[in-house]
Amino acid sequence: MSPKPMTRPGGRSARVQEAVHAAVRELVGEVGRDAVTVPMVAARAGVTPSTIYRRWGDLQELLSDVAVERLRPETDPADLGSLRADLDAWAEQFLDEMASPSGRAYIRDALVGDPDGSNAGRCSAYAAEQIDVVLNRAVLRGEPVPGTELVIDRVVAPIMYRILFRPGGQGADYARELVANALHRP
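Residues in the sequence shown are numbered from 2 upward in steps of one, following the numbering used here.
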């Protein structure tokens with residue numbers, strides 16, 4: 002098993018990771034994912050191929066690492082004033098982003114290059130963090146809230162299952178139905 006990249010604040014390591022990730026994103030956009038090679042990424046990033054092999058192990062693990070970073074939410078969920086509105090908006094956006102062609106490709110890459118399951122755990126943690134933000138706001142407003150795991154089980158899990166195994170046909174109504182199910186638990 003090859004080592005996973007360590008993200009450290011600042012320094013050469015962070016600069017190399019940033020340059021390599023940027024090179025992967027640019028090359029995938031220019032030549033397509035299937036045509037990207039480690040030497041191409043290394044040349045674009047200004048590092049040697051051995052740097053990439055030493056840090057990521059192989060191209061699939063590099064693509065997986067880039068995918069996980071692309072799946073990280075960039076902002077907190079919208080605050081629309083109620084738990085239901087916030088969760089509806091978050092679930093709709095989550096479904097829309099994950100079900101998009103690029104979202105599905107990132108999911109595939111994140112999982113395929115993940116021999117030890119750590120990338121799946123990171124992606125799961127991103128969703129849990131977003132849900133926690135929504136739930137914590139509701140608690141501050143005095144609203145009753147379900148647990149984070151219940152929301153993951155009743156909203157995130159069905160969305161991901163549908164995206165991976167039964168794609169198509171899921172839209173905003175589906176996301177809102179899942180949220181209603183999570184909030185009206187027996």
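Source of the hints: derived by calculation from the structure; they are not laboratory data. One thing to keep in mind: the hints can contain errors.
[Stated by the list, open to error] Pairwise CB distance ranges, derived in the manner of DEER restraints:
(1) A173 / T38: 37 to 43 Å
(2) A126 / R167: 22 to 28 Å
(3) G169 / N137: 31 to 37 Å
(4) G118 / D154: 31 to 37 Å
(5) G12 / R85: 40 to 46 Å
Just so it is clear, CB atoms sit at the ideal spot from N, CA and C, and this is done for glycine as well.
Now the hints, each set against the structure:
Distance hint check for A173 and T38: the Cβ-Cβ separation is about 40 Å, which falls inside the suggested range of 37 to 43 Å. Distance hint for A126 and R167: a CB-CB separation of about 25 Å, consistent with the stated range 22 to 28 Å. In this structure, G169 and N137 meet the distance hint of 31 to 37 Å, their C-beta atoms being roughly 34 Å apart. Separation of G118 from D154 is about 18 Å and departs from the stated range, judged on CB atoms against 31 to 37 Å.
Restraint check, G12 to R85: a C-beta distance of roughly 44 Å satisfies the suggested window 40 to 46 Å.
Violated hints amount to a single one, hint 4; each of the other numbered hints is respected by the structure.
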